[in-house]
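Trainee: 1 is the number of the first residue of the sequence shown in our numbering; add one for each residue after it.
Read the hints as simulated data drawn from the structure, not as lab findings.
Note that CB positions come from ideal geometry on N, CA and C, so glycine has one too.
Some clues are possibly wrong.
So the derived label-pair ranges between C-beta atoms look like this [unchecked claim]:
hint	residue 1	residue 2	range
1	Gly117	Tyr24	26 to 32 Å
2	Thr82	Gly36	18 to 24 Å
3	Gly67	Val120	37 to 43 Å
4	Gly110	Arg8	32 to 38 Å
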Amino acid sequence: MISHLPVRPRHCDAQAMMHATRYYEYFEDAFLDWLGARGGYERLRQEGADLVVKVSGCEHHAPARLGDVLAVETVPARVGSTSITMTFTMRRGEELVAVGTITYVCVRGGRPSPLPGMLVQSTRLAPGSDRTR
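The whole structure should be built from the sequences, with the hints applied where relevant.
Mentor: Given below as structure tokens:
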């Protein structure tokens, strides 16, 4: 899934470049779009589950600037029994801006829990999905 997200003034530093910490907000927005296409947090909560971030990372390739519209492709990279790792590829046109990863762990009652069916089923058909745990 690809989300198109504009760089707004609140995301930028004095040089009109997106601040490094803001990339994670774009990854999260893109993840929410991806999750929304699968029923969203409402459906997740109906199953009694929540997702928390365990690990995150970002490799910067080019600066994002005020006024850019960034295309963020969201792809499940790894699906475990209690976690899902997403890869976010951010581009401005054809130019690679950043690649991020976030591992989300499913929790119920504050403890790790199996991923709900809505996530497992939707990632089963995803190209490149690595179901290793």
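Trainee: Which numbered hints turn out to be false for this structure?
Mentor: none
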